[in-house]
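Put together the whole structure using the sequences plus the hints.
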Amino acid sequence: MSRRWDVIVIGGGPAGLAAAVAAADRGADVCLIERESRLGGILKQCIHDGFGTLRFGERLTGPEYAWRCETLVRERPITVMTDTFLNRLERREEGFRLRIVNRNGVRDIEAASLVAATGCRERTDRQVFIHGERPAGVLTAGQAQDLINMKGLLPGRKCVILGSGDIGLIMARRLTLEGAEVVGVYEINSEPSGLTRNIAQCLEDFDIPLHLNTTVSKIHGKKRIEGVTVGKVDKSGKPHNENGEFVPCDCLILSVGLIPENDLIAPLGADMDSDTGGPAADQNLETTIPGLFSCGNALQVYDLVDYVTESGAVAGEKAAESALNPVFRRAADDSFLNLEPGDGVAYAVPQRIRVPLKGDLSLFFRCRKSAEAAEVILEQGEHRVFGRKLMWPKPSEMIRVEIPSAGFPVEGESLTLRMAPIPERVRN
Amino acid sequence: MSKTITCIVCPRGCRLVLSDDSGELRVTGQQCPRGEGYGRQEALNPLRVLTTTVKTDLTDIPRVPVRLAPEVPLNAMDEFMRLAAGILLTSSCLPGDVIAADLGGTGIDVIATGAFNHG
Chain A
1 MSRRWDVIVI GGGPAGLAAA VAAADRGADV CLIERESRLG GILKQCIHDG
51 FGTLRFGERL TGPEYAWRCE TLVRERPITV MTDTFLNRLE RREEGFRLRI
101 VNRNGVRDIE AASLVAATGC RERTDRQVFI HGERPAGVLT AGQAQDLINM
151 KGLLPGRKCV ILGSGDIGLI MARRLTLEGA EVVGVYEINS EPSGLTRNIA
201 QCLEDFDIPL HLNTTVSKIH GKKRIEGVTV GKVDKSGKPH NENGEFVPCD
251 CLILSVGLIP ENDLIAPLGA DMDSDTGGPA ADQNLETTIP GLFSCGNALQ
301 VYDLVDYVTE SGAVAGEKAA ESALNPVFRR AADDSFLNLE PGDGVAYAVP
351 QRIRVPLKGD LSLFFRCRKS AEAAEVILEQ GEHRVFGRKL MWPKPSEMIR
401 VEIPSAGFPV EGESLTLRMA PIPERVRN
Chain B
1 MSKTITCIVC PRGCRLVLSD DSGELRVTGQ QCPRGEGYGR QEALNPLRVL
51 TTTVKTDLTD IPRVPVRLAP EVPLNAMDEF MRLAAGILLT SSCLPGDVIA
101 ADLGGTGIDV IATGAFNHG
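If you read the protein sequences in the order shown, they are chains A and B.
Counting from 1, position 210 in the first sequence corresponds to residue 210 in this note's numbering; the numbering is continuous, with no gaps.
Counting from 1, position 85 in the second sequence corresponds to residue 85 in this note's numbering; the numbering is continuous, with no gaps.
Heads up, a few of these hints could be off.
[Claimed, not checked] Pairs of lysine-lysine residues, derived as BS3-like cross-links and limited to a Cα-Cα distance of at most 25 Å, are as follows:
| hint | chain 1 | residue 1 | chain 2 | residue 2 |
| --- | --- | --- | --- | --- |
| 1 | A | 44 | B | 55 |
| 2 | A | 158 | A | 223 |
| 3 | B | 55 | A | 394 |
Hints in this document: simulated from the structure, not taken from any laboratory.
Structure (structure tokens):
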């Protein structure tokens with residue numbers, strides 16, 4: 001007989017830790033599986049501060065934030081399995097069966113509900129179409145962060161950073177403080193993709209130049225990287241071949257985006273959202289497979305860990321309710337309204353809304369363009385459900401709005417979320 | 001004279017305008033009171049939280065993350081990095097433990113942000 005839990009959480013990063021705590025607090029028997037030796041996920045190597053201003057009202061470093069979350073898990077009767085790999089995942093009549101491998105060998109365990117908190121992966125040079133030789137010295141920002149912060153090794157002395165994602169900006173500062181020269185940060189888009197405050201405190205503080213509309217088109221060097229060709233891009237994002245400039249460096253660091261990691265759950269047949277890279281979920285963060293929940297960066301790439309924790313708590317609580325209370329289990333006749341991204345909206349989560357609403361609805365989305373002010377509008381056909389004015393929306397910063405349950409549609413066609421510009425003269 | 005800066009107190013990143021046109025420093029553009037304090041300090045002497053790692057004497061956990069407290073002047077970060085590089089951690093600690101007090105007589109403490117089990 002395989003051991004059965006009410007809820008199994010896959011992944012011991014901030015989302016998984018929050019999910020395990022929330023599920024246990026709902027009275028569920030919980031098991032947490034983590035492939036590394038220590039809990040905390042990527043926070044362990046994010047030694048900079050700025051985490052937790054929403055969740056804890058303090059500016060914590062990544063390890064401190066992880067420590068607080070881990071402590072909440074350790075205080076509860078949660079089974080924690082570290083150094084444990086999940087090899088196979090199957091959907092059963094009453095839940096899920098998982099084949100795990102750890103130092104005790106191979107065995108099967110079962111759960112009524114499953115929370116997939118598997119995080120995300122970094123995009124690599126191949127995924128941004130940099131081809132050619134594969135010299136040493138080309139690495140992702142997360143790899144550089146691991147080398148410096150966990151292992152105490154400097155990956156290069158003269159570094160070029162491609163992409164202005166937050167981890168790349170953080171590493172620009174970290175490399176500079178550790179004595180390396182950061183030649184510049186090159187961003188293919190016309191706007192930086194990291195948080196504004198990271199542009200200020202990581203680049204401006206250290207006079208590191210940021211080159212917009214510019215990318216790396218070639219890597220030079222055979223054994224070790226010797227330099228890169230950088231150049232302006234045209235409107236379609238393609239580099240102009242004639243105006244490339246050679247920039248010598250011994251290290252190229254890529255901060256070119258994160259991809260939700262769902263290789264484990266996609267084969268189960270969960271509907272996926274090609275815009276987020278995560279599964280389509282409802283407001284309980286339940287996927288289209290009953291009993292399978294998704295949270296954190298596996299669901300959508302967040303820019304704040306506070307929101308990751310919040311999503312973990314929602315998924316964990318609902319996973320516990322689903323396991324413990326058969327009434328909660330989704331019935332075949334439950335209704336859903338799909339939520340589609342409209343004009344000016346890149347994506348929105350949840351992708352489908354279970355109706356009628358039992359409480360207010362938290363919507364997370366990203367806009368496509370920066371503006372001084374804009375209105376976000378939720379509508380069903382011609383009927384306006386919700387609208388709110390937003391100051392300084394920008395694509396790099398995820399936006400959250402709360403939609404009241406009162407007056408929310410209970411049936412009908414799909415909902416659309418769109419952004420509408422606010423003309424300057426009505427602003428004041 | 002006026003100057004626009006980005007507030008780094010929280011992820012919102014308000015655009016603050018520092019101006020001394022009226023003879024005294026004014027901070028505008030903040031969406032919360034913390035922005036005012038940040039703007040004033042920026043005009044006077046920018047301070048930053050400095051986080052780094054310190055060496056340990058174990059090969060499997062070679063580094064432990066730390067923060068310097070209180071904040072250090074932005075223009076002295078290099079000096080504090082040099083001072084922190086001289087620390088060797090040889091015993092267990094928990095987040096919040098003071099690893100080195102009054103670093104180089106500066107009044108700044110080095111505080112562990114990660115747990116370190118020396119065994």
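Now the hints, each set against the structure:
no.	hint	verdict
1	A:44 / B:55	16 Å, holds
2	A:158 / A:223	16 Å, holds
3	B:55 / A:394	40 Å, violated
Checked against the numbered hints given earlier, the structure breaks only hint 3 and satisfies all the rest.
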